[in-house]
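Enquirer: In case you want the letters, here they are:
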Amino acid sequence: AQTVTQSQPEMSVQEAETVTLSCTYDTSESDYYLFWYKQPPSRQMILVIRQEAYKQQNATENRFSVNFQKAAKSFSLKISDSQLGDAAMYFCAYMSYNQGGKLIFGQGTELSVKP
Amino acid sequence: GAVVSQHPSRVICKSGTSVKIECRSLDFQATTMFWYRQFPKQSLMLMATSNEGSKATYEQGVEKDKFLINHASLTLSTLTVTSAHPEDSSFYICSAKTSGGFTDTQYFGPGTRLTVL
Chain A
1 AQTVTQSQPE MSVQEAETVT LSCTYDTSES DYYLFWYKQP PSRQMILVIR QEAYKQQNAT
61 ENRFSVNFQK AAKSFSLKIS DSQLGDAAMY FCAYMSYNQG GKLIFGQGTE LSVKP
Chain B
1 GAVVSQHPSR VICKSGTSVK IECRSLDFQA TTMFWYRQFP KQSLMLMATS NEGSKATYEQ
61 GVEKDKFLIN HASLTLSTLT VTSAHPEDSS FYICSAKTSG GFTDTQYFGP GTRLTVL
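Top to bottom, those sequences are chains A and B.
Its first residue numbered 1, the first sequence is counted upward by one per residue in this note's numbering.
Its first residue numbered 1, the second sequence is counted upward by one per residue in this note's numbering.
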């Protein structure tokens with residue numbers, strides 16, 4: 001069975017600075033998707049970024065980028081120019097190609113942004 | 001686009017009663033919907049997967065007779081918590097997956113907070 005691990009329960013960053021959230025996963029599959037979701041205090045889950053495992057190029061969405069290391073099974077999220085609105089719980093998630101779209105979530109990292 | 005709604009957003013009920021939560025995809029057809037449970041400061045735990053017109057597939061440890069799921073149309077899935085007890089109090093979140101566009105992407109509803117007294 002696949003597992004996702006986020007080893008940082010809490011992180012803090014100064015506004016305008018850069019922060020990296022860690023995520024590792026375990027799988028025997030070669031094809032899969034990886035995601036980062038943001039859950040602000042409203043508790044609405046928001047997709048931040050997605051990565052297809054067969055793509056070597058790291059995904060980027062504006063200030064958000066990932067460092068995808070397939071061999072190491074690592075999928076970290078970098079947030080540049082952090083803003084107060086980035087404060088939220090961040091979840092890393094894994095999706096297999098052939099399990100009907102089920103998402104397996106990590107434990108989450110609570111990010112606080114200091115003004 | 002890709003908006004998912006849930007109703008109600010909050011519900012308080014007495015122990016022993018049943019509660020129904022609706023999940024709707026507003027601007028797309030959801031071939032698959034998922035139901036999650038989330039305790040405070042914890043991650044999302046998948047409860048079940050439902051495909052339109054089929055019986056739901058429950059995750060191990062989830063009581064299918066207690067958490068009834070119906071996916072009667074491509075835009076609506078319902079979760080009924082039967083004979084609710086205080087330990088069922090939690091935040092319930094649904095998500096929906098389309099067969100078009102990014103077929104791997106799930107779109108989440110805003111969640112329903114259930115409190116059982």
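Hint data in this document are derived by calculation from the structure and do not stem from the laboratory.
Treat the hints with care, since some could be wrong.
Going by beta-carbon spacing under 8 Å, a handful of chain B positions derived as facing chain A [unchecked claim]: (1) 32; (2) 72; (3) 106; (4) 115; (5) 116.
Computed from a prediction, not measured in an experiment: that's the story for all the values here.
For every residue, glycine included, the Cβ atom is placed at its ideal position computed from N, Cα and C.
Enquirer: Which constraints among the numbered hints does this structure fail? Numbers only, ascending.
Expert: 2, 4, 5
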